[in-house]
Amino acid sequence: MLSAVAKPFAALALAAALISVVLAALGASPAGVFAALGEGAFGSWYACVDTIVKSTPLVFTGLAISLAFSGALWNIGADGQLTIGAIAAGAVGPHLADFPHSIAIVTILAAGALGGAAWGGLAGWLRARRDVNEVISTIMLNFVAVQALSWVVHGPLMEPSRAYPTSSPIASAAQLEFYFAPSRLNLGMLLAVALAAACYLLLFRTGTGFELRAMGRNRRAATFFGVRIPALTVWAMAVSGALAGLGGAVQVSAISHRLYEKLSPGWGFEAIAVALVARLNPLAIVPAALLFGALDNGSQAMQRTQGISPELVQVIQGLVILIILAFDTPAWSGLREQIFGASSEEAAAVPPVAEMPDA
Amino acid sequence: MLEAFLVSVITMATPILLAALGELLVEESGVVNIGIEGAMLAGAFAALAIAYFSGSTALGLAGAIAAGVAINAIFAILVVNLAVNQVVTGTAVSILALGLTGVFYRKLFGVTGKAFMVTPIAKIPLGPLARIPLLGPVLFDHNALVYFTFILVPALWYLIARTRYGLRLRACGERPEAADALGLGVIATRWQALIVSGALTGLAGAFLTLAYANTFVENISAGRGFVALSVVIVGRWNSWGLAAASLLFGAAMALQFGLQALGTVVPYQLFLALPYALTLVVLAGFGGQAAAPSALGEPYRRQ
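Protein chains in written order, with the numbering used here: chain A, 1 to 359; chain B, 360 to 662.
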């Protein structure tokens with residue numbers, strides 16, 4: 001039996017093996033591709049720093065997923081929530097020129113969090129009050145958010161010359177500064193790490209966190225213990241959305257400084273892989289996000305030198321999720337019990353991902 | 360104008376309905392397959408790649424069926440045999456299919472930006488019926504996939520509501536423990552539903568590349584698989600309801616082209632968002648899951 005820590009690594013190794021098969025089918029050398037990935041992600045001081053920058057949105061969205069999934073709320077909409085958060089930040093940002101830096105930063109980030117919370121909370125409300133499955137609603141809200149972003153950069157928020165489909169740049173007071181220019185290292189990752197700690201405390205050290213996890217394990221049993229399911233559902237989806245929206249605001253404030261179409265390359269979906277590798281533990285989200293941020297960062301070098309398109313990263317994401325699910329299934333423990341007899345210490349171990357609440 | 364719009368409604372509704380009918384079988388057996396989007400995408404890509412290189416539409420359709428079945432088989436191993444979470448598995452399958460089709464598309468067709476066109480599936484006008492004004496072009500002048508899809512509506516209704524096999528399917532979705540105790544084979548039944556659904560969803564993908572776009576672009580399915588999932592809910596798990604809901608969504612999609620062509624002052628993004636926003640509004644209005652199979656989405660493990 002693999003330990004809880006070893007399992008994600010074993011899953012990644014198996015994913016690497018399967019990826020090698022895909023690469024061989026493409027006629028590429030797996031060793032060359034993996035070397036290029038590593039070189040692109042960690043090959044220089046600059047590459048390392050850029051890996052951190054590219055991981056930052058994944059921490060925010062990964063936390064959003066881990067919080068929602070802990071409560072068996074299948075939020076597939078972190079991408080849309082991040083997008084709406086970014087739109088809110090991009091709308092507020094240009095108007096903050098006359099404010100002190102600290103107030104401008106707090107305002108732009110709060111706008112992002114509120115935007116994301118509204119988008120996530122809407123899905124929570126639809127689930128709690130209208131019995132609309134949050135899987136469907138969050139997926140649909142993703143598509144609506146993409147069109148909303150396209151509309152604002154072509155319409156109400158379009159830059160004054162109206163030559164490019166982007167918004168006006170945000171005020172410099174509202175920009176998270178780079179500490180080691182020309183590298184883009186900024187306070188965003190620090191904020192993300194602090195939020196990871198806060199989410200850990202929320203989930204494992206507060207009554208609300210306990211109720212959320214109880215709802216995740218068994219919705220009906222949780223009602224018997226007095227958990228107000230509808231309110232908790234709306235709250236958890238709103239907080240999940242706020243985390244993703246904050247990620248969008250940080251991206252606008254620190255990196256893009258303006259809105260444009262396709263702002264997110266799919267961070268909200270990649271976050272599902274991040275959250276599962278981290279086994280939904282907020283503290284483990286940070287290293288898991290760094291891992292996938294490194295993949296994203298390295299994929300550009302891979303495309304340049306090996307001619308493999310960056311969509312390979314999505315293949316890796318999908319495989320990693322599937323393999324982790326397969327590794328963690330309770331079906332194996334049933335099989336083991338038949339062969340070796342039941343083991344009580346395994347039953348007490350960290351809850352595996354597949355024991356995650358069923359939808 | 361009206362005729363073109365109605366033809367467009369049928370064209371837009373067909374792939375959604377075809378995928379939704381497959382999903383109906385799967386959901387009646389107690390499984391929710393979000394990977395349907397991935398199966399559709401894989402079918403679309405396989406159909407185009409095989410039809411382009413072989414020059415044969417029939418081979419393209421066969422390839423689409425194989426690709427859809429393969430994607431659903433991955434899903435089935437995890438969800439039916441290993442009893443893991445269906446939502447997360449389905450999402451992963453969709454991400455995987457998006458990545459694989461993207462990587463292989465670039466590999467096979469390069470990044471030249473050149474469109475790789477194929478000849479569309481031939482239309483089969485149904486004799487004199489096709490010459491009826493308005494009704495003829497709208498209903499009786501389509502390719503075989505369209506006729507097949509709409510013939511499936513009564514066929515699946517009969518299968519599910521009136522046959523022993525339909526009873527077995529529904530038993531697996533309502534009370535899997537009881538079905539298993541009666542020896543109905545929950546695992547086998549769910550696998551069969553997923554295989555058939557994979558074939559239908561693959562064909563729905565093929566419709567996109569071989570009948571609608573006549574080429575492939577990345578993420579060509581653009582959420583149609585997800586819309587098909589909503590169609591099953593809005594259609595209340597009844598194949599006639601599914602047909603009605605598909606036509607509604609087909610109309611919303613057709614409308615966007617019509618209104619864009621009219622050049623209205625309303626931003627075009629509103630029309631692009633319309634089918635998805637409509638899904639939300641309709642689901643919110645219809646309430647939700649009351650008509651769903653009782654064990655829908657719950658992994659079944661033999662005790």
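Read the hints as simulated data drawn from the structure, not as lab findings. From a predicted model like this one, the values you see are computed outputs, not experimental measurements. Do not take every clue at face value.
Unchecked claim - Only part of the chain B face toward chain A is listed, based on derived beta-carbon distances under 8 angstroms: (1) Ala442; (2) Ile454; (3) Gly461; (4) Ala503; (5) Leu504; (6) Leu526; (7) Phe585; (8) Ala603; (9) Leu606; (10) Leu607.
Beta carbons: idealized from backbone N, C-alpha and C, even for Gly.
Structure-based check of all given hints:
no.: 1; hint: Ala442; in the structure: 5 angstroms, holds
no.: 2; hint: Ile454; in the structure: 4 angstroms, holds
no.: 3; hint: Gly461; in the structure: 3 angstroms, holds
no.: 4; hint: Ala503; in the structure: 30 angstroms, violated
no.: 5; hint: Leu504; in the structure: 25 angstroms, violated
no.: 6; hint: Leu526; in the structure: 25 angstroms, violated
no.: 7; hint: Phe585; in the structure: 5 angstroms, holds
no.: 8; hint: Ala603; in the structure: 18 angstroms, violated
no.: 9; hint: Leu606; in the structure: 19 angstroms, violated
no.: 10; hint: Leu607; in the structure: 15 angstroms, violated
Hint check: violations occur at hints 4, 5, 6, 8, 9, 10; the rest are consistent with the structure.
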